[in-house]
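Just so you know, the sequences run in chain order A and B. Quick note on numbering: the working numbering labels position 206 of the first sequence as 206, and the sequence is numbered without any gaps. Quick note on numbering: the working numbering labels position 55 of the second sequence as 55, and the sequence is numbered without any gaps.
Treat the hints as calculated values from the structure; they're not laboratory data. These numbers come from a predicted model, not from an experiment. Fair warning: there could be bad hints in the mix.
Claimed, not checked - Across the chosen pairs, the derived CB separations fall in these ranges: (1) A64(A) / D236(B): 24 to 32 angstroms; (2) G101(A) / G224(B): 55 to 63 angstroms; (3) R235(A) / R178(B): 37 to 45 angstroms; (4) H25(B) / A280(A): 41 to 49 angstroms; (5) G259(B) / A122(A): 33 to 41 angstroms; (6) R178(B) / A280(A): 32 to 40 angstroms; (7) E228(A) / E328(B): 51 to 59 angstroms; (8) A319(B) / E214(A): 40 to 48 angstroms; (9) D125(B) / R172(A): 38 to 46 angstroms; (10) R175(A) / A64(B): 48 to 56 angstroms; (11) R172(A) / E228(B): 40 to 48 angstroms; (12) D246(B) / I231(A): 45 to 53 angstroms.
Said to hold, decoys possible - Some chain B residues well away from chain A (every beta-carbon gap over 10 angstroms; in silico): (13) W124; (14) L152; (15) A218.
All C-beta atoms, glycine included, are put in the ideal place defined by N, C-alpha and C.
Number of protein chains: 2
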Amino acid sequence: MGTAPGPRARRGAAPAGVAAGPRPHPGADEVVIAVERLNLDAASYRQLREQHGSGAAVRAAVLAIVAERGKMQNPVTGSGGMLLGTVTAVGPDSPLGLAVGDRVATLVSLTLTPLRIDDGLADWDGASEQVPCRGTAVLFGRSIAAKLPDDLPDALALAVLDVCGAPALTDRVVRDYRAPSVAVLGGGGKSGSLSLAAARRAGARRLVALVPTEAEAAAVRRAGLADEVVIADARDPLAVATAVGDPVDVTVVCVDVPGCEHGAVLATADGGTVVFFSMATSFPAAALGAEGLAADVRMLIGNGYVPGHAEFAMDLLRAAPGVRALFEARAH
Amino acid sequence: MGTAPGPRARRGAAPAGVAAGPRPHPGADEVVIAVERLNLDAASYRQLREQHGSGAAVRAAVLAIVAERGKMQNPVTGSGGMLLGTVTAVGPDSPLGLAVGDRVATLVSLTLTPLRIDDGLADWDGASEQVPCRGTAVLFGRSIAAKLPDDLPDALALAVLDVCGAPALTDRVVRDYRAPSVAVLGGGGKSGSLSLAAARRAGARRLVALVPTEAEAAAVRRAGLADEVVIADARDPLAVATAVGDPVDVTVVCVDVPGCEHGAVLATADGGTVVFFSMATSFPAAALGAEGLAADVRMLIGNGYVPGHAEFAMDLLRAAPGVRALFEARAH
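Starting from the given sequences, assemble the full structure and let the hints guide the process.
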């Protein structure tokens, strides 16, 4: 796992080089990647399709963006995506722990990854956010890349890597308590099912999965990931509180729709913690909601980076067949 | 201090009664307030002025809103404000610890406080967000109200109450570490100066105040609230990291402008904590920024409610003449 951060003092250095485009030889702390595929961020791809229409026009737009910016950053959405490739060169001072020949996926946005495209994206019809691509990318000392495991299909490994911060932080938070009760809102999704497995391993005494539909509840029950599987609309505070029942010590929010803040707060006992992983979380709604409810809860912004998070999530998936089954079911 | 929350099971009950308007006699867990003044939220007042123009028209608009909604909630901004008044009746089961005759300020938004106006706002010219008002309001079991202290002017006490969550949570977080280094971004403001005083009292070893201007730096130096006072634009990540120097264990963000997330993360050591109090904080910017920087930092959403926060902040102000001087200087 190439997740070790560089020395603290260099943290500021990475952004300065971002726009420079990849160099043929790595700098002292850099790693050069022969790119195999880009996965465009879903929001970015959707915007490009809406603006440009045909697949050929979308392809031309991506080429133009990378030619101009030296990286794939959608100028409208601001977002990027990730890439897969093989390490071709490693600078002598690289802290990432990678070796030539390693197949890797980047865990830092493409918006921070210098990229050159060498094949004109000839193998991509523009009809999917999965972009076959021959090209070159550069990772910095503070980049994060995960070695793709030999024992898991690429698509499965990538799906796990996409959400690997959630189970790692859930593990940490659950271990702050002694045999706590834990609720995961959106327990049937990717980050949700991994968070349930992480909470169980970290010692959760009572584990509640909240999901929106009976079909999803049945899937989570089959996967055996929770003690209780309850159905409620996570945007309805009273419905969430009622469904969860006795307030829990830790609530993990993995529902990617706006408006889940108050339900999460209501479901959490005083002295408890809410971890918000959903990017749809509203900072003011959480802050003012907890204040308005006089709720003495700690609220964490789900930091997607925890040292060792990728390996931790892969291990969970290997150890919990129920999680893998949910992931594979979602892929179909 | 009437800050004790009601039993957990009743948390969901308060909103249901919100729109009903005040009743003449308190319910079992209610408190009736003879209103003396409303302080409209700044954003709400600005919107009303822009929409309605003259003071008389603004007054009519506020009367119409309260008549229609049973509470002062600006339909455009969604925000309310707070009120001052005197307790006239206390239900037998009220958990707020208030007695008839207490002068109080509400710490929960007017948007959650049933209100009836009895004087047509005759004493208000509509030219300020401070609204003299005779009327009746009702607090619920889960409302939060603070008794106004006898030894501080109302205006000063209200200014402290407005930000009292910040020093209380800063105290908690700083005590999670052993003699930590602490930086407060926006250390010259109300929540910032109180947070500096709280961090000092909680055992901060090295205390850095970051402010935007030389004038503010001079004021914070005179107040003696920090070991180091540094000047930087909190929206410039590298400038913040450079100004703070050695990364700190705890960073407290009290700068009420957007774009301070990355600087706060960069200024914080691995294993450290960032507490975001600014309502201008962007959840995705914080989450994705920390991930992109591979920063192993804990990020807290500043919950404005901590049990005992109002009394805690008043005590800090009394004990730290420098804080009081800053507050009084800002009022002029």
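Results for each hint:
1. For A64(A) and D236(B), the Cβ-Cβ distance of about 30 angstroms falls inside the hinted range of 24 to 32 angstroms, so the restraint holds.
2. Checked against the hint of 55 to 63 angstroms, the pair G101(A) and G224(B) passes, with Cβ atoms roughly 60 angstroms apart.
3. For R235(A) and R178(B), the Cβ-Cβ distance of about 41 angstroms falls inside the hinted range of 37 to 45 angstroms, so the restraint holds.
4. At about 43 angstroms, the beta-carbon gap between H25(B) and A280(A) stays in the expected band of 41 to 49 angstroms.
5. Taking 33 to 41 angstroms as the suggested C-beta distance range, the pair G259(B) and A122(A) conforms, at roughly 40 angstroms.
6. A C-beta distance of roughly 37 angstroms is found between R178(B) and A280(A), which places it inside the suggested range of 32 to 40 angstroms.
7. Look at E228(A) against E328(B): about 54 angstroms separates their beta carbons, and that is inside 51 to 59 angstroms.
8. For the hinted restraint 40 to 48 angstroms between A319(B) and E214(A), the CB-CB distance of approximately 58 angstroms leaves it violated.
9. Judged by the Cβ atoms, the range 38 to 46 angstroms given for D125(B) and R172(A) is violated: they are separated by roughly 55 angstroms.
10. Taking the beta carbon of each, R175(A) and A64(B) are about 54 angstroms apart, inside 48 to 56 angstroms as hinted.
11. Between R172(A) and E228(B) the beta carbons are some 31 angstroms apart, a value that contradicts the proposed interval 40 to 48 angstroms.
12. Evaluation of the 45 to 53 angstroms hint for D246(B) and I231(A) yields a pass: the beta carbon distance comes to about 50 angstroms.
13. Every C-beta of chain A lies more than 10 angstroms from that of W124(B), the closest at about 26 angstroms, which supports listing it as non-interface.
14. Non-interface call for L152(B) relative to chain A: holds, since the shortest CB-CB distance, roughly 22 angstroms, exceeds 10 angstroms.
15. The Cβ of A218(B) lies farther than 10 angstroms from every Cβ of chain A, with a closest approach of about 28 angstroms, so its non-interface assignment holds.
Checked against the numbered hints above, the structure breaks hints 8, 9 and 11 and satisfies the rest.
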